[in-house]
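S.K.: Chains as they are written, first to last, in the numbering used here: chain V, 1 to 286; chain S, 1 to 273.
Please note that a few of the clues may not be correct.
Derived SDA-like pairs (lysine to any residue); straight-line CA-CA distance at most 25 Å [unchecked claim]:
id	chain 1	residue 1	chain 2	residue 2
1	V	Lys77	V	Glu100
2	S	Lys178	V	Ile6
3	V	Lys121	S	Lys71
4	V	Lys78	S	Lys200
5	V	Lys78	S	Ile203
6	S	Lys71	V	Ile6
7	S	Lys178	V	Ser14
8	S	Lys200	V	Asn112
9	V	Lys85	S	Asp189
10	V	Lys85	S	Lys71
FYI, nobody ran anything at the bench for these hints, they're computed from the structure.
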Amino acid sequence: MIAVEIKNVSYVYSPDTPFRKVALDDISLKINAGKITGLMGHTGSGKSTLVQLFNGLVRPTEGQVLVGGEDIWEDPKKISRFRFKVGLVFQYPEYQLFEETVRRDIAFGPANMGLSDEEIKRRVLESARFCGISEEMLEKSPFDLSGGQKRRVAIAGIMAMEPEVLVLDEPAAGLDPQGREEILGGIRDYQRKKGNTVIIVSHSMEDMARYSDEIVVMNKAKIFMHGTTAEVFDRAEELSDVGLSVPQITELCNKLRERGLDVPHGIYTVADAKAAIMRLLGGKHD
Amino acid sequence: MIKDITLGQFFPGNTVVHKLDPRMKIILTIAYIVSIFLAKNMWSFIAVVASALLLVIVSKISFKTILKSMKPLIFVLAFTTFFNLFWTTGDVLLISFWKINIYLEGVVFSVMMILRITSLLVGTTVLLTYTTSPIMLTDALERLLSPLRLIKLPVHEFSMMMTIALRFIPTLVEETDKIMSAQKARGADFESGSLMRRAKALIPILIPLFISAFRRADDLATAMECRCYRGGDGRTRMTKLKLALRDFGAIILMAAFITGIVFLNLTPCPISM
């Protein structure tokens, strides 16, 4: 099943001025439902623009955006409907918190959907759990929390809208390894439990390797690659041509292969690499 | 939308007007404003309008931009015209019905007022805001006001505040845009509902914006302190403003212009106020 489809979409910033800039150049893309899709690309490759197309914050200059098979711009007056279907977490979302308590901030999205108080309460508690927010934290002011906690509150605020597609623009940027783990792990748990579609923009190859099922690579306003995580990371040379790399462990395996060792393709996690190397050494792996 | 704010807009260029010393430009602008208010009859008004047009041509600012900048003025113009037209009394009655009397003097007065206000705006924006970068402008202001330091006015601090404020306008505009998008993604609606609802809908934008403005101010203060900023005392400059020949030329031209206006005021003219 296809969750989001982009059909021949182009987007131009400031058309008809000297500052004209093509952010997306005739791209087509199908995001599979029920998967975590990673979106990678160099700074300025068009990722953030693409992400804002999904929920209709940005209207494509040309082409169509389909969510669940529906053209979201068919009736521009009803565009807000798709804001609830596709939840978008911006970069550094902690700067959008404003309510008096964490609980009320998370409830802002669901309240805008016009849900009942009970339903809002259920959603707030559930999404808080996925994001590792304790009951006691719910009553605090969001401005008394640490940076990482604020980020989790902001993400919970979008999750509570229970969108069919959850899009996150660099959810782990600027956090320490433990913070990254908590946020990305929480997102994965949420996805596995709800079975909905998640799109994560990230610069970290390690995070992509760990958490995504499929990867889309963008380069210069075009889709450069699209495939399963193994397929994409198997094309190390092409990735480095566009200024990206593969996870360190994949690089290690590639180097071993260059030296004539029989390491299989498509390894991108430490566990797989360990198994393959142990097999080569003829030992049993525990 | 929000990015279209043109407050303090500056169009970089390489014309004589751009190159004038900013201190001189401030003085010239004041002189120009005075000369506009000196104008009393048709001849001097023609000179004023011609000078404003000449300024636009020399500075190579497009007429389209100038016209756009006039838009907010329409209300003021309509307002003054309304009062001048209906409340000025004189000798020559043009139209009279019910309680309304329109005199020739009123018409003359309104037309001259329109010309005065538009030339004033065109002249000052072209001389100052459109052709001088905000940094240059505050720098010049600091220099011109520096004698006030003698009476213990914090001139440097004042101009530093102004520089910082101007510097952060685009940043905050961008930030507002971002926060608006983020809240829209959470289903916030800024465009529909009653006035009260719309005002309430601004809270999710204003609170994060204020917080981020304070955070930026804090960061900036720390960064300035780290670079040993300690106010204006003993502070030297990288670029020193220096008067060039063209600056003296400009001042002579302005003096000639004012003398010309005074002279034209004295020449007999059929229409005057």
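S.K.: Within a Cα-Cα threshold of 25 Å, do Lys78(V) and Ile203(S) meet the stated pairing?
M.R.: Holds, because 24 Å separates the two Cα atoms, which is no more than 25 Å.
S.K.: For a C-alpha distance cap of 25 Å, please report whether Lys121(V) and Lys71(S) respect it.
M.R.: Status violated; Cα separation ~50 Å.
S.K.: Quickly compare the C-alpha distance for Lys200(S) and Asn112(V) to 25 Å and report which way the hint goes.
M.R.: With a Cα-Cα distance of about 13 Å, the restraint between Lys200(S) and Asn112(V) holds, given a limit of 25 Å.
S.K.: Compare the distance between the alpha carbons of Lys85(V) and Asp189(S) with 25 Å, and conclude whether the hinted pair is satisfied.
M.R.: holds, 16 Å
S.K.: Would you check the hint for Lys178(S) and Ile6(V), treating anything up to 25 Å between C-alpha atoms as holding?
M.R.: holds, 24 Å
S.K.: With a cut-off of 25 Å on the C-alpha distance, tell me whether Lys85(V) and Lys71(S) pass.
M.R.: Status violated; Cα separation ~41 Å.
S.K.: Taking only the CA atoms, is the gap from Lys178(S) to Ser14(V) under or equal to 25 Å?
M.R.: At roughly 17 Å apart (the allowed maximum being 25 Å), Ser14(V) and Lys178(S) satisfy the hint.
S.K.: Would the hint linking Lys78(V) and Lys200(S) be met if the CA-CA limit is 25 Å?
M.R.: Distance ~22 Å between Lys78(V) and Lys200(S) Cα, so the pair holds.
S.K.: Are Lys77(V) and Glu100(V) close enough, with their CA atoms no more than 25 Å apart?
M.R.: Violated. Lys77(V) to Glu100(V) sits at ~31 Å, over the 25 Å cutoff.
S.K.: Does Lys71(S) pair with Ile6(V) here, judged by a C-alpha cut-off of 25 Å?
M.R.: violated, 41 Å
Hints 1, 3, 6 and 10, counting from the list given before, are not met by this structure.
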